[in-house]
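K.L.:
Here's the letter readout for the chains.
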Amino acid sequence: MLRFLIKRLLLASTTLVAISIVTFLLFFAVPSSPAWVMCGRNCSPERIAQVEKSLGLDQPLPVQYTEFVKGIFVGRTIDDAGTLRECDAPCLGYSFRSKEPVTDTISRSLPVTVSIVVGAMVVFLTVGIGLGMLAALKKGTVFDRAAIGASVGFASTQTYTLGGVLLLVFVYSTGLLPNPHYTPITQDPLDWAAGMLLPWITLGLINSALYARLSRAQMIETLQEDFVRTARAKGLPARVVTRRHALRAAITPIVTIAGVDLGGYLGGVVITESVFSLNGIGREAADAVADLNLPLVMATVLLAAFFIVTMNIIVDMLYAVIDPRVRLG
Amino acid sequence: MSNTPATADSRSPGTEDTAVAVLQPETAAKAFVGRSPGELAWIRLKRDRTAFGSFITVVLFIVVALASPLISKLYGVTPTAGNAGLLNSEGLPIGYLGGISADHWLGLEAGSGRDLFMQLIFGLRTSLIIAFSAAIISISTGVVIGIISGYFGGWVDQALTWFTDFALAFPFLVFALAIIPIINTASYDVGEEVPGSFRIGVIIGVFALFGWMTTARLVRGQILSLREREYVEAARAAGASSAHILFKQLLPNIWAPILVAFSLALPGFIAAEAALSFLNIGVVEPTPDLGRLVYYGRQWLGTPDWAYFLIPASAVFIVVLAFNLLGDSLRDALDPKSSK
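For the protein sequence lines, the chains are W and U, in the order given.
Heads up: the first sequence begins at 1 in full-length UniProt numbering, then just goes up one per residue.
Heads up: the second sequence begins at 1 in full-length UniProt numbering, then just goes up one per residue.
If you're looking for bench data, these hints aren't it; they were derived computationally from the structure.
Note that this is a predicted model, so its numbers are computed, not measured.
By construction, the Cβ of each residue, glycine as well, lies at the ideal position given by its N, Cα and C atoms.
There's no promise every hint is true.
[Said to hold, decoys possible] Only some residues are given here: those of chain U computed to face chain W with a beta carbon under 8 Å:
#, residue
1, D165
2, F166
3, A169
4, P171
5, A178
6, L264
7, P267
8, G268
9, F278
10, L279
11, W306
12, A313
Whole structure, please, built from the sequences with the hints as guidance.
P.N.:
Structural data, given as structure tokens:
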């Protein structure tokens, strides 16, 4: 187990290093004037020169990259127009637009994204897996066909379409729900849930479709396996066979996929956040792109990659715990 | 598909040019007919009503998109003409449901007053060009990488697998958001106009860059199991080159999953392109685009008329749904294990 973990961690860190190098090169080597891009459209030549100097853009690229990495692990000091700004570790960069280290922006917006993703996952794991399993048990019936039909429909629905329709029905037309907003859960749990309800339903239902299809296929396959037949043959009641034997085996690969998805979503659910005007990581990234706020864009890309890689490792470990057939080597 | 689809279910099997095995000559109606996998798939596809319906819809969309300049001539309205006379003082179309009338079948775009139907079909053309190009490039890249990785094994396989995992670790949407403006600003000087065709090219490139991984994994898996078969061994023993074995022996045996991957990549890219435009990052004015129409419509969602948002949003939904249904039917038809 330990050997496997070390091996996986090494592999993951090479991936992260490679991603950071690619991202770094993309932002610092490709634009003809990174300082201009970072500083923005209405930047005076003097200001651009300042930014260039404070970022060390006159230094060779490897030196710049080492500075960047040093910032992540021990922090660095950034000279913004004569004022020295402390950027503590993990320093992912300094935003010249909002005049703050990007980690400040991220720590403001990450809770929003986490709130959306966790609630949506509860929706799509229960609705999706529940529907899929039921459809598999009632394979060929009207219920099965209706569930499959609905899942194809929802899988083809765009987040912004469903979100827009829900907003139209529940907020603009009837006023049944407040406009989606973010209140920290520690402040007012009820208001937190009320503000997050529509994003949860939107992201949850669209993903339920994929999970319903996956779990249906998985369950149908599992029900045909020998151990299920054995369980039936030794006279166990049907309920015990499906719940204790088949369900547990069928759910394993779905847990893996859910874990990988979680990693992907934590880096920002861009569309959901912008439909409901919630300032999560994804919306910050999209806004940063529109403003050409490159330090923030780069930080969000790296953070998202970090979540993906980390969740992949966790899922691999988890898989070995749940499924006794998997041997780590 | 197959070369002889038309005769596959004909009642006189003797006229077929494929292998025929008549087991009971007395009762010709019950004769067993030998059919190639392609023919079997075609028969299953023809029986499937969903497949037929979605196929017709998809073909219709492609024809409409290709013929959009012609349709514009017949319809008598250009996509870019702003019908300012038909808008009220707030810039909203006069009339119901976004100003639907005999002249403007789907109404007008709020604000600009452009004809929505024309914007939609020209936008569809943009979407389909991007989706087809991105799908062709990414699937072929995936196939080549998958074949090489599966066939050669060893360190080549390890390196390519690492590279695939590496590409999968990139957060696609955030990265696409970031890279597109950077490429645009890097290729053109400050203040210089970036041509629409260049922007489209960049989007296709980014999609292709992040679209090949699943195909590569799929093909690698297939090749791993195929390369140990006797016929490959026979070819190798006969002194065939690697290229011959790869492209003449192995590739023809995995066309079914590749075709399915291609047909399911199309709706994925259409949706992704619309999503980029919805974030106002993808294609910009004056190139017509489906996702951007939704983005504009979203701003009018609070007004009493829901048509500005719902018409373009439904258009994207119907296009993606039709392509998804077709891809699903194709998978069911090509998979011998599938039972509906």
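K.L.:
For every hint, state whether the structure bears it out.
P.N.:
To see whether the hints hold, each was checked on the structure:
1. D165: 7 Å, holds
2. F166: Interface hint status for F166/U: holds (5 Å vs cutoff 8 Å).
3. A169: 5 Å, holds
4. P171: It holds, given that the least Cβ distance between P171/U and chain W is near 3 Å, below 8 Å.
5. A178: 5 Å, holds
6. L264: Cβ of L264/U sits 11 Å from chain W, so the hint is violated.
7. P267: 7 Å, holds
8. G268: Check failed: Cβ of G268/U comes no nearer than 11 Å to chain W, outside 8 Å.
9. F278: 5 Å, holds
10. L279: 5 Å, holds
11. W306: 6 Å, holds
12. A313: 4 Å, holds
In the structure shown, a violation is registered for the earlier hints numbered 6, 8, in ascending order.
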